[in-house]
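Novice: Sequence:
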Amino acid sequence: MIVRPSIFINITSRALSIVRNLRNNVPQPGFVSSPTVPPTVNIPDPLLNRGVIYEPPYLFETDTYPNYSMLAITMRGYDYVVLEGFFRYVEKVAKSLDVNVLESVAVPSKSSRVTILKPRSQHVDVEYTLNLYHRIVKLSKVKTTIAPIIFECIRLNIPEGVELKIGVPDIKDDAFRYVPDVELKQLQSEMDAITKEKEDKEKMKYLKREQKQKDKNQAMLLSILSPTLVSEPLPITSNEHDEKSYVYKKTIMDQLILTELDSDSFDVDNLIENVAYKAVDGNITNQNFDLFLLEDKFRKAMSILQAQQVLNERTIKQLQDSCEQERQTWSGSVAQLEELYQNAYTDQQELEMRISVISTKVIQIGHQLESKSNPRQQLVEARTTGKYLERFLDSNDDVIGMFHDISKLEQAAHVIHQLYNVLQELPDEPKFIEAKTKVNERYMAIEEMLLQEFSRAQVRNDKKAMKKYIKLLSKFKGYFDNPNIDIFDAIPQLFTKVSELINELFDQPEKVIEKLIITVYTEKLTPYVRMKLEPYEKNPDLENMEKYLQTLYLLNKKASKLSNDLQTQKISDDPAFLHKLNQYAFKGYLKSYSKYELTCLEEKFQLQLERFEESSGGQRRVKQAGLTSITDIIQQRLLNTGDQVDESRFSPELGAALLDDCKTSMNRITTLSEGFEASENVCQCFLRLLNALCVQHVETELQFSLNAIPGNEPKQEPDIKFFHAILQTNNIIQLVERYFVFNIAPLLTGVQQQSVALQTKEKVINQLEELINIGIDKSLSCMIGYIRIMLNEQKRSDFRPETDPLITECSNVCSRIVRFIDTHITRLEQAFDGKNLTDVLNEYGIRFHRAIIDHVFKFEYNITGGLMMLQDISEYKKCSKKFRSLMVEQLFTILHALVNLLVVVPENLRQISTEGHLATLTREIIESFVMLRGDYRSAKLHNFINLND
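Under full-length UniProt numbering, the sequence shown has 292 at position 292, and the numbering climbs by one with no breaks.
In case anyone wonders, no lab produced these hints; they're calculated from the structure.
Don't take each hint at face value.
Unchecked claim - Here are the simulated BS3-like cross-link-like pairs (lysine-lysine), alpha carbons at most 25 angstroms apart as the crow flies: (1) Lys515 to Lys463; (2) Lys524 to Lys511; (3) Lys587 to Lys497; (4) Lys882 to Lys835; (5) Lys95 to Lys138; (6) Lys524 to Lys587; (7) Lys92 to Lys138; (8) Lys431 to Lys463; (9) Lys524 to Lys561; (10) Lys580 to Lys595; (11) Lys143 to Lys165; (12) Lys468 to Lys408; (13) Lys387 to Lys317; (14) Lys208 to Lys198.
Make a model of the complete structure from these sequences and hints.
Specialist: This is the structure we're talking about:
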């Protein structure tokens, strides 16, 4: 236990002050103290302090409304453009509402692969790679009054396909944003382990040392304290290093002080109180209180503390000396280790330099020996070859017999191989012809003998002999071809047979197999592909071009399957090895494939359109250049057809044929094209399909149908075929849309060509919609014009008859108009559906209502004529329900009420004009219908309908 000097001084001063106070307050004998006067308490006057009101500051620290301290708006989606736009929108909404946007971050996207299997199979049909993009907007101190507004704005504008989550920030998202340094983390973990191990060792040493010192100090202190501390301590030895310099007897006071000093929660005041209490044994009354005994106890306690201080100072000095000695020892050891490390490093550098010099010299000597040995060996072989060549050139020398000895087959194979190579360099002169013939015969014979010996060794399972004959046969160039064997089926069978044997015979079977594959692809597969495709390239018409593309597609597909089959046998460590060989075999054809494919597709589309024109009897089709030639086509057809314009000739069979051609090209493109080239080819194919199907066929036929619509004043009942053209156009557009969604869009996901295809498709569809809108307006105008012509058949005299006939049904004109409307509403229902049908019928009904009103205002009516018109309007009102429009029904209901004013007696005009549907109309409208009555002036009906009277 170590007691600081400041604590000791504090204890001493406090003890002396307590003793002095007790000594001054001791009562003197013979005197009686006066009764104690209770102290007075000064209470402040509240009236004097009423102007000052103290309010705690925490009352003003909180806001009026509670806040969200932190909010995180998390957005996820697979469409990058849509998600990024919504991400910016959320930021703008938050800033517009004065919300603090703490941070807007983009979390790295997560990729996932989705595969679709073929029906009833485990083979992959389609494979997609989906990227899930992630954005986070962090808001701070969001008021609870503003938060619901932000949430509602975000909810109402969230786009389709975006996942939204609002909550507190997630630590995992922040951690996922940063890429961890694996090497740094590994080094940090190693350093933490080493540091922890050192700390544990130091802690154990410190605890042992502290416990040992504590026991030693306690034993020393107890041994030097006296039983009573009355007399001075008596030394028993003069040795400074002896721990028992004084002898005391242990007392209760010693135990008390030592216990207090050892306590973790040491308190000076508590120690003084305990010493005072133990000194008087708890007797603190004035009668038995012994002041001098208390002072004596305090002095004894101070003596104990002084002895403890001396002991602590001695211990501190010993620990300092020990630490200094240990520091010097370890510093010397570290210096020695540094010197040893430097020496070892220097020796290692010298050794590496010597090894490098020696290896360089060894390589030099090896090259020199090889340069000396190879020429000598070549000279020996050349001399031997020259001798045999001389014998072959001598027509009288029978040298062939020496090659029939089986025991010398290896030597004969080597010699005949050298002779064969030498004679290939000699010219075809008469003096060398005979020698070349003999060598070629022996060359083929020895090769046949080697093959026979290899077969015998294979039967005997003599692998050593098989290896020797393979080495000899590798120098010969004999090939045995079988044109009836399918090369794509034969190659896997070949490798299945020879792979195991090659692994056993050759030291490096991987290189042998790779060399064999390269030879098969370059010398067998490549010529085979060339042989299949060259006949179609010589005559590049449409038929041969289609056969060329289909053959190239099938060959490439078989080659890809072959590469996949060979890859399962782990032929090469490089996964792209077989793919590179496959690309090499088709390299020259894949470069020009895109041009051939697009040209062929364009010509096939034009051929289909020309056949359609021939089958339909038209003569207007010429080869089109693009989207700008429609006007010329229309003018040409109008010139060819004269005054009468024929009806539309939409062909579903033509659309199906064009789609089939496009699908065939798409299948080839996905197999033969890769990367950007594949996306560009897919986009170009789709654009050509739009041009051929939607522009050259649909838009042209739609324009012809539009021109076939009669004018606004047809002389006979119009038979409008344009509605059928709209139906056919709608079917073809839906067919193109489905084809784009299921076949084109998956191939263009995430590339620039996707936007090009979408924009072109929308442009073409918008052009068709404009033509349809023009045709609908023209058709409705034609139908309303014919209705007006039928209405004009009614004369003024029809509504001012001189007699009063019995009116039980509508007029003949009204019946014809109703039948005409029913017929064309049926046609509209066949051509349109949904909202389009509702809008067209609504427009038709409004125009019909306008025509009826104009017709009503043409005449002047008596009571009978008014009843006739009212009967017709009633029939028109029934017919208005077929327009499926509440507005049209209300218009005809109001019209019926207005026409009813023509037959009402004058006395009831005011009452009827202020009731029902007429109550909402102005006086001018009502008066305009009343003015149509024949008795308007004579009966002074103006006064009856004046509502202000």
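Novice: Hint by hint, say whether it matches the structure.
Specialist: Here is what the structure says about each hint:
| no. | hint | verdict |
| --- | --- | --- |
| 1 | Lys515 to Lys463 | holds (21 angstroms) |
| 2 | Lys524 to Lys511 | holds (19 angstroms) |
| 3 | Lys587 to Lys497 | violated (30 angstroms) |
| 4 | Lys882 to Lys835 | holds (15 angstroms) |
| 5 | Lys95 to Lys138 | holds (12 angstroms) |
| 6 | Lys524 to Lys587 | holds (15 angstroms) |
| 7 | Lys92 to Lys138 | holds (13 angstroms) |
| 8 | Lys431 to Lys463 | violated (43 angstroms) |
| 9 | Lys524 to Lys561 | holds (17 angstroms) |
| 10 | Lys580 to Lys595 | holds (23 angstroms) |
| 11 | Lys143 to Lys165 | holds (19 angstroms) |
| 12 | Lys468 to Lys408 | holds (13 angstroms) |
| 13 | Lys387 to Lys317 | violated (104 angstroms) |
| 14 | Lys208 to Lys198 | holds (15 angstroms) |
When each numbered hint is compared with the structure, violations occur for hints 3, 8, 13.
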